[in-house]
Amino acid sequence: MMTSPRYEVSTLLERERSIQEISGQIQDYALPFFAQFSDLPKLLDDVEREGFFPHRKGFDVPKRNREFIECFREYLQKQCDAAERK
101 MMTSPRYEVS TLLERERSIQ EISGQIQDYA LPFFAQFSDL PKLLDDVERE
151 GFFPHRKGFD VPKRNREFIE CFREYLQKQC DAAERK
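Heads up, our numbering is the position in the sequence shown plus 100, with the first residue counted as 1.
It should be emphasised that the hints constitute simulated quantities derived from the structure, not laboratory data.
Any given hint could be a false lead.
Okay, derived cross-link-like pairs now, DSS-like style, lysine-lysine, Cα gap no bigger than 30 Å in a straight line [unchecked claim]:
| hint | residue 1 | residue 2 |
| --- | --- | --- |
| 1 | 178 | 163 |
| 2 | 186 | 142 |
| 3 | 163 | 142 |
| 4 | 142 | 178 |
Sequences are here, hints too, so could you generate the full structure?
Structure, rendered in C-alpha cells:
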C-alpha cells in the first residue's frame, strides 16, 4: 500500500508571510493612493487632466470623473467660504 506524502505548513510561518505580503501591498498601493487626498486641489486637477486611473487605459468613466471633481470642488469651496467667515 502506497501512502501519500505528508505536507505540513507552519501556520506561524504562513501567518508571518501573509502579514509581510499585506504590509507590502499597503506600503506600495494604499498609502500612495490615500496620500493623493492630502493635496485635494492638485488631485482634482490631475483627475480633470488625466482621469482617475491614468495607469489603466479605458477604465475611467468620464461621468464618474466629472462627478468626483464637482463634488470635491464644491467641498473645497465650502471650506474656503467657512475659513473666510472666521
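Hint check results:
1. Between the alpha carbons of residue 178 and residue 163 the distance comes to roughly 23 Å, so the proposed pair stays at or under 30 Å and holds.
2. With a C-alpha separation of about 25 Å, the suggested pair residue 186 and residue 142 falls inside the 30 Å cut-off, and the hint holds.
3. Under the criterion of a C-alpha separation no larger than 30 Å, the hint pairing residue 163 with residue 142 is consistent with the structure, at around 19 Å.
4. A C-alpha spacing of about 17 Å is found between residue 142 and residue 178, which places the hinted pair at or below 30 Å, so the restraint holds.
Hint compliance for this structure: every hint is met.
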